[in-house]
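With chain H held as given, fit chain P onto it using these hints.
Protein chains in written order, with my numbering: chain H, 1350 to 1554; chain P, 1350 to 1554.
Just so you know, not all the hints are guaranteed correct.
In this list, chains with the same sequence are indistinguishable; a pair is considered to hold if it fits within one copy or across any two.
[Said to hold, decoys possible] Computed list of lysine-lysine pairs in DSSO-like fashion (alpha-carbon distance at most 30 angstroms, straight line): (1) Lys1383 / Lys1530; (2) Lys1515 / Lys1383; (3) Lys1373 / Lys1504; (4) Lys1504 / Lys1383; (5) Lys1450 / Lys1469; (6) Lys1530 / Lys1448; (7) Lys1450 / Lys1519; (8) Lys1416 / Lys1370.
Everything labelled a hint here was simulated from the structure, so no lab data went into it.
2 protein chains.
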Amino acid sequence: MSQEIPEIIIGRLPLYLRALKRLKMTGQGYTSSKELGEVLNLSPAQIRKDLSQFGELGTRGQGYQIKFLINKLHQILNLERTHDMAIVGAGDVGEALAKYKNFIHCGFQVTTIFDNDEEKIGTKMSGIVVQNSAEMTRVIIEKEIEIALLTTPAKSAQEVADQLVKAGIKAILNYAPIELKVPEGVHVEHIDPAVHLQKLSYYLG
Amino acid sequence: MSQEIPEIIIGRLPLYLRALKRLKMTGQGYTSSKELGEVLNLSPAQIRKDLSQFGELGTRGQGYQIKFLINKLHQILNLERTHDMAIVGAGDVGEALAKYKNFIHCGFQVTTIFDNDEEKIGTKMSGIVVQNSAEMTRVIIEKEIEIALLTTPAKSAQEVADQLVKAGIKAILNYAPIELKVPEGVHVEHIDPAVHLQKLSYYLG
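Extracted from the complex, chain H is given alone in its bound form (with noise of 0.2 angstroms):
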């Protein structure tokens, strides 16, 4: 598989995945990129575009298999097997997230939660023992996690990303609200609910 596919692109995959998936519920065998179009608010054009990046996955009149379909982004997306996750910090978006019942649909589960806060290591999280931070490096390099849910504060976010980095973890998901330096190779995605609204908030008025 080609790296130098646009991050925009693999953006949009899930986004397909997720809409063939709720297509398939209804019983779906075909959708074609007009159907896909008006689910995701995207051009057919757009849609048939994206996909060709990974060869010939419909067929000109019959349009996409759902089932074909959903199993090739799942090749593509690396979602042949459950990712295990760790969280760090037990706060209340942490709790949130080790409660998300949809993960484990999408190929993922949290097995590892850690904490610096005394009061909360070794109590238990959606059925997880929060483990100290302090173990952390060397948790996550016996257990092979790829994956970390970074949200602690944004003041100890970075040293926190570091010590990840260190310990092999690939991809890191930071709720904290500031921006993280990683070297090349791991690769991070922000969520942060107040940009969100800041945008929204601008077609206020």
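Same frame as chain H, but now just chain P:
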């Protein structure tokens, strides 16, 4: 203010604002497109181009005065007043959002929470009484709330969104894992951690 500024630029303004606020905390008076670019992983040219959409905000040689630029961005993004928000869905995600301390520093506050679960109605979440969803339209109109945080399950999300639109909601931050259909003039931002994780897992290769 022109409504024709591309959405992708509007989406970057909150990131500029967040970076500027952090620089201001260090006591710094001025910044440059180069410095902002380093913080945000954007080219200095991109930053100058984005900001030039809103007039002459910097001075050649001196750069951008941080305090002035923060005020200007507050103006552009309608952040000069605090926006009230309603949470619909008092589950784990709703609760984490109700407790989220960063909102108030960013211009937002949760004032109202709705759920249709009789066991939750009347209980308090982060000091706010959970109200019956049946009252949603009336309460939102009365309180003139324009922003909703939608944290219901996927299956009821579209129906709730339709009701919110009828009640006058203009902006929805959608945590339900489904694309919402809304009429023109209503804006939706979607937060789905699974979508971000599936993008990240592509790079785990």
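(request) List, from low to high, the hint numbers that the structure doesn't satisfy. (result) Hint check: nothing fails, all pass.
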